[in-house]
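K.L.:
Here is how the chains run, residue by residue.
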Amino acid sequence: MNIKKIGDFMKIGVASSLPEGLDSPVDERFGRCFMWTVVEVDDNKKVINVELYENDARNARSGAGIQSTQFLSQLGCSVAIAANFGPTAFTALNSLGFEIIQCDLQLTVQEALDRYLSGKYKSLEEPTKPKKAGVS
Amino acid sequence: MTSLPSEIFHRKPVDVPIVASTGGKGGTGKTVVAINLAAQLANMGKRVLIIDCDVDSPNVAILLDAELKDEQVIKRFLPEFILENCTFCGKCAEYCRAHAILQVGDKPPLLFPEICTGCEVCQLVCPSDAIVDKEKIVGYTFEGHNNGVDIVSGELKLREPESAIAVDAARERAFKKVKENGKDYDIVVIDTAPGAHCDVIRALQGADLVLAVTEPTPFGAHDLDLIIELTKNVMMLNSKVVLNRSDIADSKIIDSTCQKKSVELLARIPYDDELIKSYVKGIPIVNYNPESASGKILIQLAEKTQELLLT
Numbered sequence: 002m003n004i005k006k007i008g009d010f011m012k013i014g015v016a017s018s019l020p021e022g023l024d025s026p027v028d029e030r031f032g033r034c035f036m037w038t039v040v041e042v043d044d045n046k047k048v049i050n051v052e053l054y055e056n057d058a059r060n061a062r063s064g065a066g067i068q069s070t071q072f073l074s075q076l077g078c079s080v081a082i083a084a085n086f087g088p089t090a091f092t093a094l095n096s097l098g099f100e101i102i103q104c105d106l107q108l109t110v111q112e113a114l115d116r117y118l119s120g121k122y123k124s125l126e127e128p129t130k131p132k133k134a135g136v137s
Numbered sequence: 005m006t007s008l009p010s011e012i013f014h015r016k017p018v019d020v021p022i023v024a025s026t027g028g029k030g031g032t033g034k035t036v037v038a039i040n041l042a043a044q045l046a047n048m049g050k051r052v053l054i055i056d057c058d059v060d061s062p063n064v065a066i067l068l069d070a071e072l073k074d075e076q077v078i079k080r081f082l083p084e085f086i087l088e089n090c091t092f093c094g095k096c097a098e099y100c101r102a103h104a105i106l107q108v109g110d111k112p113p114l115l116f117p118e119i120c121t122g123c124e125v126c127q128l129v130c131p132s133d134a135i136v137d138k139e140k141i142v143g144y145t146f147e148g149h150n151n152g153v154d155i156v157s158g159e160l161k162l163r164e165p166e167s168a169i170a171v172d173a174a175r176e177r178a179f180k181k182v183k184e185n186g187k188d189y190d191i192v193v194i195d196t197a198p199g200a201h202c203d204v205i206r207a208l209q210g211a212d213l214v215l216a217v218t219e220p221t222p223f224g225a226h227d228l229d230l231i232i233e234l235t236k237n238v239m240m241l242n243s244k245v246v247l248n249r250s251d252i253a254d255s256k257i258i259d260s261t262c263q264k265k266s267v268e269l270l271a272r273i274p275y276d277d278e279l280i281k282s283y284v285k286g287i288p289i290v291n292y293n294p295e296s297a298s299g300k301i302l303i304q305l306a307e308k309t310q311e312l313l314l315t
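Protein sequence lines correspond, in order, to chains S and A.
So the first sequence is residues 2 to 137, counted in our numbering.
So the second sequence is residues 5 to 315, counted in our numbering.
Bound-form chain S, shown alone:
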């Protein structure tokens, strides 16, 4: 029998603006978000593991979206959630077959996750136009 363990299920990388796990607000920006909350959900869409990572790309001079994509992909994520995705991040995520989920502003990670898992969001087909871009 094939038994799945933690690490084998779907992983979702959520751009987060505080190190507070599921209670953190979702960050407005994908590539330059403050933290990553990486959530693993089982086949019944139940959260079975939450990990927090600092986003090394957030102060990068260039290519933050690419670096972030590389990072999430290496962790095994197949879904990315943020309030905005720039054109480079979009291309990078798309090239690796990510589901690119733009959530509403001012949600917590938990709320954004619930809406995604209930099928409220569809994967983006083109980049969004963020109000802020680059290092502020």
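Be aware that a few hints might be false.
Stated by the list, open to error - Taking lysine-lysine and the DSSO-like style, the derived pairs with C-alpha atoms no more than 30 Å apart in a straight line are:
(1) LYS281(A) to LYS265(A)
(2) LYS181(A) to LYS161(A)
(3) LYS12(S) to LYS50(A)
(4) LYS6(S) to LYS121(S)
(5) LYS123(S) to LYS111(A)
(6) LYS111(A) to LYS6(S)
(7) LYS73(A) to LYS236(A)
(8) LYS308(A) to LYS265(A)
(9) LYS121(S) to LYS47(S)
(10) LYS111(A) to LYS5(S)
(11) LYS50(A) to LYS300(A)
(12) LYS121(S) to LYS5(S)
(13) LYS183(A) to LYS308(A)
(14) LYS281(A) to LYS46(S)
(15) LYS256(A) to LYS236(A)
By construction, these hints were calculated from the structure, which means they are not laboratory data.
Since the model is a prediction, treat every value here as computed from it, not as a measurement.
Chain A: place on chain S using the hints.
P.N.:
The following block gives chain A in isolation, referenced to the frame of chain S:
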């Protein structure tokens, strides 16, 4: 910073005196000083070559009313992946400081060319010769002539991130011209971009005299402090100050910066409507109205430059 080997900033590709106009702050009159210096030195019988190293917005030819000709392209490195050689090791993506390469698992590397700076590190770290140079055009160089001055100008294409490449190309073309006509040129004048970044550093390399052009404002004083720190204390180049629009405000602020940095204030150019008129007409003030208040000072500046570099 004292451990930096300043000799690298003193290396000269040609045996002709070089004077450079820079200044940190934008809009102080760097180009006006450069073209008038060049034109007046030409009036004094010198063979002058001016290099426009402000490659993001090259204006020397406009202010000398010269037509730029003989376009040559500036190329730089752009990686191309040879997939049959690629082992998907990920080193190219890992070492790319601009994060212009995405490579995960057994997927082929993906380049984002608009982010790539052409640094070549991906090719250096690739263990399997899977990266070759697919050249990219990043700008152009031109030549021109007017007001007795030969011009070489560099121009960076819009949105290209590395202006130092175009500065190098403009200098290379100009110095090649000097070598070819070796005995004919008496002096080279260089106009730099504002700021104190690598493009300005490249432009100033080998300068025998650096003129930092500023204005009597707190902004001017602040940026003067920075550029003198770079040219005098880091690059160890002979640096002097030119104060433009010297009478629009109290110039004490610049005097005290010069004192603090132990640099000589070589010239004070007063605010002068005649200078504005000459600028609009594309004629150097030293030719348009040599008797004007600013014209006289710029003629003196050319004479001082001759004393410092050509005697």
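K.L.:
State for each hint whether it applies.
P.N.:
Hints, one by one, checked against the model:
Under the criterion of a C-alpha separation no larger than 30 Å, the hint pairing LYS281(A) with LYS265(A) is inconsistent with the structure, at around 34 Å. Simply put, LYS181(A) and LYS161(A) have alpha-carbon atoms about 23 Å apart, close enough for the 30 Å limit, and the pair holds. For a cut-off of 30 Å, the pair hint linking LYS12(S) to LYS50(A) is broken: about 72 Å separates their Cα positions. At most 30 Å may separate the alpha-carbon atoms for a hinted pair to count; LYS6(S) and LYS121(S) meet this at roughly 27 Å.
At roughly 25 Å between alpha-carbon atoms, LYS123(S) and LYS111(A) fall within 30 Å of each other, so this suggested pair holds. Our distance criterion of 30 Å between C-alpha atoms is met by LYS111(A) and LYS6(S), whose separation comes to about 25 Å. Only pairs whose Cα atoms come within 30 Å are accepted, and LYS73(A) paired with LYS236(A) is rejected, the gap being roughly 35 Å. A hinted pair counts as satisfied when its Cα atoms are at most 30 Å apart, and LYS308(A) with LYS265(A) qualifies at roughly 21 Å.
Taken as a hint, the LYS121(S) and LYS47(S) pair is honoured in the structure, with Cα atoms around 17 Å apart against an allowance of 30 Å. Note on LYS111(A) and LYS5(S): the hinted pairing holds, with a Cα-Cα distance of about 25 Å set against a maximum of 30 Å. Between LYS50(A) and LYS300(A) the CA atoms are separated by roughly 19 Å; this keeps the pair inside 30 Å, and the hint holds. Taking the CA atoms of LYS121(S) and LYS5(S), the gap is about 27 Å. The hint holds against a cut of 30 Å.
As the CA atoms of LYS183(A) and LYS308(A) are separated by approximately 26 Å, the hinted pair is consistent with the 30 Å bound. Our distance criterion of 30 Å between C-alpha atoms is broken by LYS281(A) and LYS46(S), whose separation comes to about 74 Å. Simply put, LYS256(A) and LYS236(A) have alpha-carbon atoms about 21 Å apart, close enough for the 30 Å limit, and the pair holds.
Of the numbered hints listed earlier, those contradicted by the structure are 1, 3, 7, 14.
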